[in-house]
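Chemist: Here are the chains, one letter per residue:
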Amino acid sequence: MTGELSQAVEAAQAGDEEAFRFLYRSLQPGLLRYLTALVGADAEDVASETWLQVARDLPRFTGGEFRAWVVTIARNRAMDHLRRQRRRPALSVPVQELSELAGDADTAERAGESIGTEAALAMIASLPPREAEAVLLRAVVGLDAETAGRVLGRRAGAVRTAAHRGLRRLALLLDQRAEEETAAESPGPPPRPRTGPSQPAPHAEPVDG
Amino acid sequence: MILRRLGRSGATRSGADQLLDGARGPRNATPAADSPDRLAGLLRAAAAPAREPELAGEEAALAAFRAARQAAPAGPAPRPRRRPFTTGAVVWIAGVAATATAGAALAAVRLDRPDQPSVPPPVPVTVSPTPAPTGAGARPNGIGTSPSVGVTGLPDGVDGPSASGAGPVGGEPAATSPAPTPGLGEPDPDATVQVGPGNSSNTADRAGHCRAYLSKSERQREKALQTPAFNELVVAAGGAEHVLAYCQQLLTEVDPAWLAKHGPTPAPSATGDATS
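Protein sequence lines, in the order shown, are assigned to chains A and B.
Letter 205 of the first sequence, counting from 1, is numbered 205 in full-length UniProt numbering, and no numbers are missing.
Letter 253 of the second sequence, counting from 1, is numbered 253 in full-length UniProt numbering, and no numbers are missing.
Please keep in mind that the hints were generated in silico from the structure rather than gathered at the bench.
Since the structure is predicted, the reported quantities are computational estimates derived from the model, not experimental observations.
Ideal Cβ positions, reconstructed from N, Cα and C, are used throughout, including at glycine.
Wrong hints could be hidden among the right ones.
Examples of chain A residues lying across from chain B (beta carbon under 7 Å, computed) [claimed, not checked]:
1. Val-9
2. Gln-13
3. Arg-56
4. Leu-121
5. Ala-163
6. Leu-167
A partial selection of chain B residues facing chain A, derived with a Cβ cut-off under 10 Å [said to hold, decoys possible]:
7. Arg-51
8. Ala-60
9. Ala-67
10. Val-254
11. Pro-256
12. Ala-257
13. Ala-260
Coverage of chain A stretches by chain B, computed from C-beta distances (three or more under 8 Å per stretch; other residues unrestricted) [claimed, not checked]:
14. 67 to 81
15. 124 to 130
16. 145 to 159
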């Protein structure tokens, strides 16, 4: 994977457009998901700014972890964006919205997972920013703790701790969801069909508590 | 429950790392034995393969790549600052080159002139002054394309050398540019009649033509001058009857050695001497 990536980087530096396309396809999904946690709906704009800069500065990339280089550019762009907007890099998704997203059975089925990509990302984004960033860089972008630490300007140990805390918090959230599901299924007369993304409001209330 | 499992064992850290690392791994890879499945599932979902809308910006990114490539061969100097200078310089060079060649053409015609005062060769004379402005005007247009690349690509794209590279490069075409222009833009009827379609006032070509012409026998020469290949030469000489003199004069300047070997043509050289 990394060998493939660095080959593609070299080819792109030599002007190979298909190699650049490969780089884009390899990195963009993780990048966009990470940026969504940072800047929310503006993530696509920031991502395209990022690729603009990547395309321009590619000749000056001198080796090392290409993903880390791109993510660093993306993060700087996101911070600029937030500074412009005078917002803090926290995306607090209302829990109610989360539980609605958790019902997007379509994505979940397609991915062969118990939970959809959107819902999973929204749950991660609901973590405290440091933890969310650490989890996303490690699990979604695919950086190791050292590299993620360089991107974030923190020590690898701090990244590990943040990621670990984030995972515990996510586990807690999942537990709550599971309990709530079983609670809803056993005593309640009509087992709620979890088909549509728009769950009725009552479903959200126990999550809040 | 999951939390407890995650927090209980001494290997929690590494367990967490395994979870995080496993998120992007192959789907069927079994996560760490004691890893909570639901958490692993969540991370895998978060790291799921690209979905179509996420790659919507692909063409834009590739366009940026192409634009950057086009602007790239240059180095890192701010273009906006240099452009005025280079355009100015190129216009200048073009102007100088046009004037210089015009002068040469003028001189060449003058040398032939005394021969035949009443012949059409005003063509080169009247034409050459005009190319100077047109040639100069054409240059900036050619340059205008390269800045436009920078504009589409990157706002702060900085590529001086490409712009400055146009300077030296522009100098060479500028020298030839005055020649094509008469054919293109001159409404002069004489010019349209006499000037062939693909003529360039390249002196080296003329010398070549002259050698070819002088190599022929007297009879062949007459025929040859009626072919399009020698049309240019006729125009340059100012008429078919002056080609011989013109060529000898040209070759004495350009290639006297050849002339000495091949050009024992007494009669024309006599007229040439007489005139000059």
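Chemist: Now tell me, hint by hint, if it's right for this structure.
Modeler: Right, here's what the structure says about each hint:
{"no.": "1", "hint": "Val-9", "result": "13 Å, violated"}
{"no.": "2", "hint": "Gln-13", "result": "10 Å, violated"}
{"no.": "3", "hint": "Arg-56", "result": "5 Å, holds"}
{"no.": "4", "hint": "Leu-121", "result": "5 Å, holds"}
{"no.": "5", "hint": "Ala-163", "result": "6 Å, holds"}
{"no.": "6", "hint": "Leu-167", "result": "5 Å, holds"}
{"no.": "7", "hint": "Arg-51", "result": "7 Å, holds"}
{"no.": "8", "hint": "Ala-60", "result": "6 Å, holds"}
{"no.": "9", "hint": "Ala-67", "result": "8 Å, holds"}
{"no.": "10", "hint": "Val-254", "result": "43 Å, violated"}
{"no.": "11", "hint": "Pro-256", "result": "50 Å, violated"}
{"no.": "12", "hint": "Ala-257", "result": "48 Å, violated"}
{"no.": "13", "hint": "Ala-260", "result": "53 Å, violated"}
{"no.": "14", "hint": "67 to 81", "result": "violated (count 0)"}
{"no.": "15", "hint": "124 to 130", "result": "violated (count 1)"}
{"no.": "16", "hint": "145 to 159", "result": "violated (count 1)"}
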